[in-house]
Amino acid sequence: MGLALLVIIWLITFFSTYFFVAQTWWLPHGAAKAAEFIDHQFALTYVLMGIVFVAAQGALGWLAWKYRDDGSSRKVEYSHGNTKLELIWTTLTAVLFVGLNLMGSHVWASERFEPAAAGSVPVEVTGMQFAWYFRYPGPDGKYGRTEAKLMDPSAGNDAAIGLDTTDPAAKDDVVTGTMYPPVKREVDITLRAVDVIHSFFVPSFRFKQDAVPGLAIHMHFTPTEIGEYEIPCAELCGLGHYKMHGMLHVVSQEDFDKWLAAREAEKQ
Amino acid sequence: MATLSPTIRVQQTDQGGGGTAPPIPGGGGDGGRGDGYPDHGQRLRRLRLALAIGLTSVTMIFISLTSAYIVRRGLPTFDDHTGTYIQDWIPVQLPLALLLINTALLAASSLTAELARRQIIRQAALAPVRSIPGVSLGRESGFPWLALTVVLGFGFLTGQWLAWRELADRGFYLATSASSSFVYLLTAVHGVHLIGGILVLLYAAVVSLLHRPVEGRRIVVDVTAWYWHFMFGLWLGIFALLWFVR
Amino acid sequence: MVAQDAHAHAGPQGFIRKYVFSLDHKVIGLQYYFLALAAVFVGMFLSLLMRIHMIWPTAILPLVGEIRPETYLQLLTMHGTIMVFFVLTTAPQSGFGNYFLPIQIGAPDMAFPVLNMLSFWTTFVAFVVMLAAFFAVGGAPLHGWTGYAPLSALTNSGPGEQLGADLWITSIAIFCIASLMGALNFITTVLDLRAKGMTMMRMPLTCWAWLITAILGLLAFGVLLSAGILLLLDRNLGTSFYVPLVVVNGQVMGHKGGSPLLWQHLFWFFGHPEVYIAILPGMGVASQLLSTFARKPIFGYKAMVYAIMAIGILGFVVWGHHMFMSGMSPYSAFAFSIMTMAIGVPSAIKTFNWLGTLYKAKIRFQTPMLYAIGFVSLFVSGGLSGPFLAQPVLDIPLHDTAFVVGHFHLIMGVAAIFGMFAGTYYWFPKMFGRMMNESLGRIHFVFTLIGTYCIFMPMHYLGMAGQPRRYSQFTEVAYLQHLMPLNRFITYAAFVTIAAQVIFVINLFWSMFKGPKASDNPWESTTLEWTTATPPPHDNFAGHTPVVYHGPYEYSVPGAAKDYVMQTDPAGVTAH
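Chains as they are written, first to last, in numbering that gives the first Met the number 0: chain R, 0 to 267; chain P, 0 to 245; chain B, 0 to 575.
Honestly, the hints are just simulated from the structure, not real lab data. Treat the hints with care, as some may be off.
Straight line, CA to CA, 27 Å or less: simulated BS3-like cross-link-like pairs of lysine-lysine [what the hints assert, rightly or not]:
id : chain 1 : residue 1 : chain 2 : residue 2
1  : R       : K65       : B       : K561
2  : R       : K242      : R       : K148
3  : B       : K561      : R       : K148
4  : R       : K170      : R       : K266
Label-pair restraints from in silico Cβ distances [claimed, not checked]:
id : chain 1 : residue 1 : chain 2 : residue 2 : range
5  : B       : V251      : P       : P75       : 12 to 22 Å
6  : R       : L84       : B       : W120      : 44 to 54 Å
7  : B       : W55       : R       : V97       : 44 to 54 Å
Selected chain P positions facing chain B (in silico; Cβ < 10 Å) [unchecked claim]:
id : residue
8  : G53
9  : T55
10 : S56
11 : V57
12 : M59
13 : S63
14 : L64
15 : A67
16 : P94
17 : A96
18 : L97
19 : S180
20 : F181
21 : L184
22 : V222
23 : W225
Every residue gets a Cβ at the ideal spot worked out from N, C-alpha and C, and that includes glycine.
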């Protein structure tokens, strides 16, 4: 049975590790500025944890086989442990874990502590059962007022987020169901939710943030590649959670300007 | 013991986890013979221990509620209308005079509970003497401190009820604002705990009417009295929170 | 005194007093065990339905009918809740703990037998109320076992959020009360009822695990109880603890100003210690078994005790790592993250010591030992994905994906279940007086170990590729399509693994009646439960009071006649 255990544990270790190393299933291609840092930290953590994983599982299988009761008269080492070894092990783990943590912290700080840089594109993202709406403030740079009692999800866009059309600031607000950010410019998003918690998740951007009713959460990211990206909702929000799905079309600056101008023209 | 000298030696290292040593008298609650018929001192000790442990979880309930209170009080909420965060905390106008009277009632009941506790300790101590034929120690029972505690406890609860009525008259219902929700909630949870204490006190009173052995009653009264003191302290904390952190 | 003792030791007569409303901790322990066994099969069946729906979303199943997306979420909620509360909290702690804690410390019963009975029957009521949610109008709630507000706090946010959700919260509140009573009993028992010579540092590691678990429960369940009360008030009496101004499908709700994050803080303040409530008893059992079957003292007993304590303490300051993406202050994420990494240190100590126990040992591979080794393997695998999730930056892509599902299932689901299996195979002879079948046990082990790895390891790959959790089907998101083969593989693995559990059930019930009779100490263990008769008499030690002379794991002591020295052996003089 010792040998069987060795084989089983080593095989499990081999296959688990193989699919990680071969990257058969891996993080989607990174298409935002943060992806590079996060992927680096991920790879570092992954290598270190991978070594510990293989070492621990390998040792477990080996010890089980090597020290099986084979009926021989071999003596068991009578020992209650080794305090020095314990201390070395504890220190090493503490250094490894805490060090790893500190290494990643600056990325978190730059992502979450600092506000978006000047000149970024403001977009308000509103989640509701089961759709995302995106609002651009228009030339005045100000979001118009929204009212809870005006919200009508069945009417879509402006009405869905309850835009108060009597507010002058709301006149030039553009509300869409698909997000169009320009490439290589920071996007300053304001996350809101009208009913329950949703989560704005763009796997390719390594971006995720819950949208919480009662809060307006400011976040920012910078897309680096033109393309279409999916936004699956990542917080359980009700029966349609699996189909709460938005699209993000990253376009060039010219296309963005053209697109926004066309939307503004539609409004008039 | 010398003839039974150990032939083997169990290693005593730093990591030994016990090793060999003669049993330590009292080291591990020696003689704790379960629920069977332990002596009363031991039962009392065990129940007091259990009370302390139980009150820890009661404390956790109130810690979570009060921290929720403090967090909620300082928490802004996003206002659609203005597009900014606003504070929506409305301080509740507490019926201070009534609550002070209630506090006095509960303080008095805590005092009478303590007197009841000491009274029954004396009775328990004298019980062996009393069992000697021909020895008379005067009247069997002293002043009914226990009954008075129950009455004062009911008085406090009635007072709290009146305070709720007063709050409702001032327009503060449970769902009126976050602050009023917390006022009702904290007082209600405290009240439920007090009702539990009153039930135990009533049980002790019934037991005393049934002339059960005084040692058994002593344990019930002792533990309930400590519980009662704790509830008084808890009320002071809640009252202070509601008044000073409005 | 003698007459009194005789009276105290007489067992109750009559079926009701003996098996139903029993005050005997051993009967209550078995009641908990069988309650958890029933619950685990309910939970497993629900997970099977979920796996089927993920792969064949339109399938119409016999008896069950069509699983719709909302049905899937209801299955998911009930699966999580039943497994966490009625299996992972109930079996290792209340089941095995009730049965063996008093015996292992040399006590005739728990400190408060009536309270013990009450806590079991309260748990039972909680379970019935939980199951009743299935039959409520609208069905069971769909808000997940974490019940995030406002989804859980509004009655019109989805099917099952009416009566079903109220029953769900009520059940959890009842369960909290039951657990608080249980915790109180456990702690008092350990502190006050230890036999002569059973110092704290001579307790088996199982007892340490049960003690720390009870303390965690004592501190955590009160918080969940108050959180649940607030949720009930929000749902039914219009208060706004968790719900701000919200508009559900165009309808403005009456709430204002509440904080959805408040629920998350309260819930995870309970929820994270709950993880350790599930796994600590498993660690205790693994330690006990590794030492016993390796015929070697546990490596670093004191380090193990301190590690359990450290895990218990740190477990209360890491709840925020569930909330990195929740809108909580990003600054506090730092503190929570460091604390979470710190909790990896005592966990690593434990793993190291388990391996150290095997080094230069002489391992007997009976079924309980296989499960103990499986536990270590799963604990390592599940544990090592922790440092990914504990780093806020890496949590950004991984949070709420299948990676998390794989992580916690390996460590608190499967590892804890392996602890239970290990405990069952190990203590079965003591509980039922018969041995379980070794061959069936081995087959069950191999299928379960490989099967669970095949189910949960691929979930890590899915999560990395960005598959969100709690998706009932993957038809709506384009980039999830290429992951379907892996999802199908998981479902097939689940079929096989669940089928293999039939082997366990057959072995359990067959051995209960037909297994070979067990001796008093079939594994040649040292702890007190193996000094008494099999099964133990009503007062555990038949009127005799055990006196303890040794630490719990004195195996292969040089010079001793046998390769183990019982804890009650007076200095091993039997060696003559």
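Against the structure, the hints come out as follows:
1. In summary, the hint linking R/K65 to B/K561 is supported, as the alpha carbons are separated by about 23 Å, within the 27 Å threshold.
2. Of the pairs offered as hints, the one joining R/K242 and R/K148 holds, with about 26 Å between alpha carbons and a cut-off of 27 Å not exceeded.
3. For the suggested pair B/K561 and R/K148, the alpha carbons sit about 81 Å apart, so the restraint of at most 27 Å is broken.
4. The hinted pair formed by R/K170 and R/K266 meets the criterion: a straight-line CA distance of about 8 Å does not exceed 27 Å.
5. Range check, B/V251 to P/P75: Cβ separation about 20 Å, and the 12 to 22 Å hint holds.
6. Evaluation of the 44 to 54 Å hint for R/L84 and B/W120 yields a pass: the beta carbon distance comes to about 48 Å.
7. Separation of B/W55 from R/V97 is about 46 Å and conforms to the stated range, judged on CB atoms against 44 to 54 Å.
8. Taken as an interface hint, P/G53 checks out: its beta carbon lies about 5 Å from the nearest beta carbon of chain B, inside 10 Å.
9. Restraint check, P/T55 versus chain B: the minimum CB separation of about 6 Å is within 10 Å; hint holds.
10. Hint status for P/S56 relative to chain B: holds, with the closest Cβ pair at about 4 Å, below 10 Å.
11. Annotation: P/V57 was flagged as interfacial toward chain B, and the flag holds, the nearest CB pair being 7 Å apart, inside 10 Å.
12. Contact between P/M59 and chain B, as hinted, is supported at the beta carbon level, the nearest pair being about 4 Å apart and thus within 10 Å.
13. Interface hint status for P/S63: upheld, as the beta-carbon distance to the closest one in chain B is roughly 4 Å, under 10 Å.
14. At a threshold of 10 Å, the smallest CB-CB gap from P/L64 to chain B is about 5 Å, leaving the interface hint in force.
15. At a threshold of 10 Å, the smallest CB-CB gap from P/A67 to chain B is about 6 Å, leaving the interface hint in force.
16. Because the closest C-beta pair between P/P94 and chain B is about 21 Å apart, greater than 10 Å, the hint is violated.
17. Because the closest C-beta pair between P/A96 and chain B is about 27 Å apart, greater than 10 Å, the hint is violated.
18. Violation of the interface hint for P/L97 is found here, the shortest Cβ-Cβ separation to chain B being roughly 23 Å, above the 10 Å cut-off.
19. Here the hint on P/S180 is kept, as its CB sits about 4 Å from the closest CB of chain B, short of 10 Å.
20. Interface hint at P/F181: satisfied, since its Cβ lies 8 Å from the closest Cβ of chain B, which is below the 10 Å cut-off.
21. Against a cut-off of 10 Å between C-beta atoms, the interface hint on P/L184 holds, since the closest Cβ of chain B lies about 7 Å away.
22. Using the Cβ-Cβ criterion of 10 Å, the hint placing P/V222 at the interface with chain B is not satisfied: the shortest such distance is roughly 12 Å.
23. Proximity of P/W225 to chain B is violated relative to the hint, the smallest CB-CB distance being about 15 Å (cut-off 10 Å).
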